Amino acid sequence: MIKRFGFWMEKGFLAAALWSMFLTILIFSFMLVLGLPLFKEGRLLSLLTSPWVPGEGQFGIYPMIISTTVISFLSLCLGAPLALGVSIFICLIQPGRLGRWLKKVVVLMTAVPTVVYAFVGVFLLVPLVQSVFSAGSGMNILTACFVLALLIAPTMILIFSNSFNNVPLAHQYAADALGASSAQKLFYVILPASWRGIVAGLILGTGRAMGDTLVALMLAGNAVAVPGSIFDSARTLTAHIALVTAADFDSVEFRTIFACGILLYLMTLLMVLAVRFLSSLKKEADL
Amino acid sequence: MNRFVEIGVALFAWLCAFVLLAAVGTVFVFLLIKGGAALNVQTIFGDTPVWEAIPLKKAVFNGLFPAIAGTLLLVVMAVGLALPVGIAAGIYLAQYSGSHMKSIFSLFCDILAGVPSILVGLFGFSLSIFLHKYVSTEIYPCLLISAASLSFLVLPYLIRTTQIALEQIPPEERLTALALGADKLQNIIYVLIPRSLSGIISGIILSIGRYAEDTAVIMLTGVVAMAGVPQSLLAKYEALPFFIYYISAQYTDMEELRMGYAAAIILVVICAVLFLAAFYIKNRLTEKALYSV
Amino acid sequence: MILRKYRWFVTVLLMISALVWTSAAMAQSLDVFKGEKGDLRISGGTAHIPVMKEAAKRIMTVNPAIHISIAGGGSGVGIKQVGERLVDIGNTGRTPTDDEVSKYGLKMFKWAVDGVGVIVHKKNSIRNIKKSDLIKIYSGEMTNWKELGGSDNPINIYTRDEASGTREVFWEKGLGKGAISAKAKVVVSNGAMKSGIATDPNGIGYTSVGHIDDTVATVTLDGVAPTIENVKSGSYKISRGLFSNTKGDPTGLTKKFIDYLFSPEGQKIVVDEGFIAVK
Chain B
96 MIKRFGFWME
106 KGFLAAALWS
116 MFLTILIFSF
126 MLVLGLPLFK
136 EGRLLSLLTS
146 PWVPGEGQFG
156 IYPMIISTTV
166 ISFLSLCLGA
176 PLALGVSIFI
186 CLIQPGRLGR
196 WLKKVVVLMT
206 AVPTVVYAFV
216 GVFLLVPLVQ
226 SVFSAGSGMN
236 ILTACFVLAL
246 LIAPTMILIF
256 SNSFNNVPLA
266 HQYAADALGA
276 SSAQKLFYVI
286 LPASWRGIVA
296 GLILGTGRAM
306 GDTLVALMLA
316 GNAVAVPGSI
326 FDSARTLTAH
336 IALVTAADFD
346 SVEFRTIFAC
356 GILLYLMTLL
366 MVLAVRFLSS
376 LKKEADL
Chain C
47 MNRFVEIGVA
57 LFAWLCAFVL
67 LAAVGTVFVF
77 LLIKGGAALN
87 VQTIFGDTPV
97 WEAIPLKKAV
107 FNGLFPAIAG
117 TLLLVVMAVG
127 LALPVGIAAG
137 IYLAQYSGSH
147 MKSIFSLFCD
157 ILAGVPSILV
167 GLFGFSLSIF
177 LHKYVSTEIY
187 PCLLISAASL
197 SFLVLPYLIR
207 TTQIALEQIP
217 PEERLTALAL
227 GADKLQNIIY
237 VLIPRSLSGI
247 ISGIILSIGR
257 YAEDTAVIML
267 TGVVAMAGVP
277 QSLLAKYEAL
287 PFFIYYISAQ
297 YTDMEELRMG
307 YAAAIILVVI
317 CAVLFLAAFY
327 IKNRLTEKAL
337 YSV
Chain E
449 MILRKYRWFV
459 TVLLMISALV
469 WTSAAMAQSL
479 DVFKGEKGDL
489 RISGGTAHIP
499 VMKEAAKRIM
509 TVNPAIHISI
519 AGGGSGVGIK
529 QVGERLVDIG
539 NTGRTPTDDE
549 VSKYGLKMFK
559 WAVDGVGVIV
569 HKKNSIRNIK
579 KSDLIKIYSG
589 EMTNWKELGG
599 SDNPINIYTR
609 DEASGTREVF
619 WEKGLGKGAI
629 SAKAKVVVSN
639 GAMKSGIATD
649 PNGIGYTSVG
659 HIDDTVATVT
669 LDGVAPTIEN
679 VKSGSYKISR
689 GLFSNTKGDP
699 TGLTKKFIDY
709 LFSPEGQKIV
719 VDEGFIAVK
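Protein chains in written order, with our numbering: chain B, 96 to 382; chain C, 47 to 339; chain E, 449 to 727.
Check each hint, because a few of them may be wrong.
Straight-line Cα separation of at most 20 angstroms, EDC-like style, residue types lysine to aspartate or glutamate; simulated pairs [to be verified]:
#  : chain 1 : residue 1 : chain 2 : residue 2
1  : C       : 179       : E       : 532
2  : E       : 505       : C       : 302
3  : B       : 280       : C       : 52
4  : E       : 625       : E       : 697
5  : C       : 148       : B       : 105
6  : E       : 685       : E       : 670
7  : E       : 703       : E       : 532
8  : E       : 695       : E       : 532
9  : E       : 570       : C       : 299
10 : E       : 505       : E       : 707
11 : E       : 558       : E       : 713
12 : E       : 727       : E       : 713
13 : E       : 501       : C       : 299
14 : E       : 703       : E       : 547
15 : E       : 501       : C       : 302
16 : E       : 505       : C       : 299
17 : E       : 501       : C       : 229
18 : E       : 551       : B       : 348
19 : E       : 505       : C       : 93
20 : E       : 621       : E       : 595
21 : B       : 106       : C       : 229
If you're looking for bench data, these hints aren't it; they were derived computationally from the structure. These numbers were taken from a predicted model, which means no experiment stands behind them.
For reference, chain B alone in the conformation it holds in the complex:
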């Protein structure tokens, strides 16, 4: 009887695992199916390249695609150097008590809700950006990128420090024994050895920046024009989904958010595959 029970339990566990797999596919299929009318009418290309002017029947998400790309890229440009610097600090410059304490702070930072960062951004950063740069209101790409960089930095810091620490001690000692300074060790031993971890961290950071909804929704202004400068207001794919879902669920407008969803999903897929590819490279090259 126990054997029977064991058999069914195993099937139960398998079902749970299959359900999780199924879920991932289900989410994607829901979006495909619901966005189907868009493909049928052959509107796909125009969807991806035209602007969003529902009053004139134009439901293109091109401005949103550009905005998401710009905002993710810029946040990465702000956040990655920061993350790198802090990781170098924790692992190399001050690996003692100060470094350990800072790492704990970073870990705690990952527990802070996104909405709280965005909230502080609205009331502290927006007026600041407005008065310092005096170009329009403070709700623009720059503000959103500052907060987003702060958001993705902790995760990147943890991944970078992890890769730095994973460089075999033997290599680090060898560099020390040869009389290398910290900077030389960094540039010639640690960075080259941990490049995979660094790239993985960058990819994950980008993924997080692309997928974030609240910061962009609350801080970037949500204008539908293609942004001309970082002081312009912009609307990301994610903010667009949030805004339009509130509005409708039957019209063509609504169906365009499924196109946004499909795009985001595909981008996520690409990133996951890229990271996996990187970690598979690990196995052959580490001599």
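Please arrange chains C and E on chain B, whose structure you already have, making use of the hints.
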């Protein structure tokens, strides 16, 4: 040249560390300054006396109590929905599956983990419309749908944590019971799970933190600006993160804004406590396990 | 000893599941009382929210068995949701179109009159605008405050999302259906419009007259100030009704709520919140 590079690198590292700390510090100090004054009973319970509000005898209108209650209920439900599936799947991946299956499952988990939360929210919303049209017109975006969507969001973390916790048990311990004649299932129930409990529980607690802070999913699946404490699974509800978002754009006077700051502080405290609890449990349980057997 | 640890875990698990299932049971027993202890779902126009909240508060205080939930989203959302039976009452800040009425079988109830006023930051020196200039500003033709005699700063336009009835009315009556520049910042409610303008010295936007308070400054349109008196007298042209719509004739709790809005007490709430009563 080298000396300059040396100093440059160190300077850069110090600068980054300083900038990071300054940024985080500013966030917290700002919140405390603006919202500290509002951290009192009135902010939470409004004009309703506490002893009537908690047993739900009287509704609270101007306080955060409904939002806090909503968040708590949401978390409990989401945990209840995700726990069995997550742990079971984790057990399967760690114990039963072959390596080929494992990498495929692992890929899907990674994808699900990377999917932006708003897409999960969109899925939940479409699901509720679908159910509304084809199953029962009584179904609207509500607490149940939000909890279910949230559980989808965090499932990969639970699975991954369980799987890793189980796989980290040293091989000697994994095989002992089997050598003594127990079958696979008995091994799992009596030996492996208790041994990996600390890892599993810290995974659960971290996921609770994620449920409490998420806004994008609940925005699309049932949270509203005013609903009181939800009376049933199919009711609309309020939640802290949504309240913070909503207030930031639509506060009508300084009173409400201050409530928003207080709500932000409360939410941060809740998440920090959960986080530290996970940390603590993980360390404590590991110690006990190590020394008690 | 290992079993002891395991038992604790199971207990916690069982407690959590028990909590989940009892709430499910609670839901079923509430179903029986649906007629008397009711659930009322309201969504739609954001201008209506203060009145809705006050009315809901009073009703729920008197009868704690009634449960009213209020969401925003804009007039478009209100119509769609009440049409799909996702809510019992859908609020709109504009008259539902004939299409919408026939498609969803809507019954409309206008319980207040409101206007849509143009607002700017308190520090902005401009206090009068000609309608023709307003159209140019929103279409993007006029881009600097100095063209109106103000400071040399770019004009930041704010507009509402597409579901908004306020936007619809402003676009029709204020802009004469003119274009709204794609560079306009989009905000999602009357409240959000107010906070946006209150923090942007170069901003210009539009919001419900009933919502206007001293955090922003109003601008007269062709010499007429957007005050509630001017809307009432008809001299301020951008006016609109605040509607609550139901699918088919309202019954039970829904009907009682709507009747309450038209009652003397309900109409007093309307006036207190800054709108014009219809009775």
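Evaluated hints:
1. C/179 to E/532: holds, 9 angstroms
2. E/505 to C/302: Status holds; Cα separation ~17 angstroms.
3. B/280 to C/52: Holds, because 10 angstroms separates the two Cα atoms, which is no more than 20 angstroms.
4. E/625 to E/697: violated, 33 angstroms
5. C/148 to B/105: holds, 15 angstroms
6. E/685 to E/670: holds, 10 angstroms
7. E/703 to E/532: holds, 18 angstroms
8. E/695 to E/532: OK: residue 695 of chain E and residue 532 of chain E at ~9 angstroms, within 20 angstroms.
9. E/570 to C/299: holds, 16 angstroms
10. E/505 to E/707: Status holds; Cα separation ~16 angstroms.
11. E/558 to E/713: holds, 16 angstroms
12. E/727 to E/713: Distance of about 11 angstroms is within 20 angstroms: holds.
13. E/501 to C/299: Answer holds: residue 501 of chain E to residue 299 of chain C is near 15 angstroms, not above 20 angstroms.
14. E/703 to E/547: Outside the cut-off at roughly 24 angstroms; violated.
15. E/501 to C/302: holds, 14 angstroms
16. E/505 to C/299: holds, 19 angstroms
17. E/501 to C/229: Roughly 61 angstroms between the alpha carbons, so the hint for residue 501 of chain E and residue 229 of chain C is violated.
18. E/551 to B/348: With a Cα-Cα distance of about 18 angstroms, the restraint between residue 551 of chain E and residue 348 of chain B holds, given a limit of 20 angstroms.
19. E/505 to C/93: Within the cut-off at roughly 12 angstroms; holds.
20. E/621 to E/595: Distance ~23 angstroms between residue 621 of chain E and residue 595 of chain E Cα, so the pair is violated.
21. B/106 to C/229: Within the cut-off at roughly 15 angstroms; holds.
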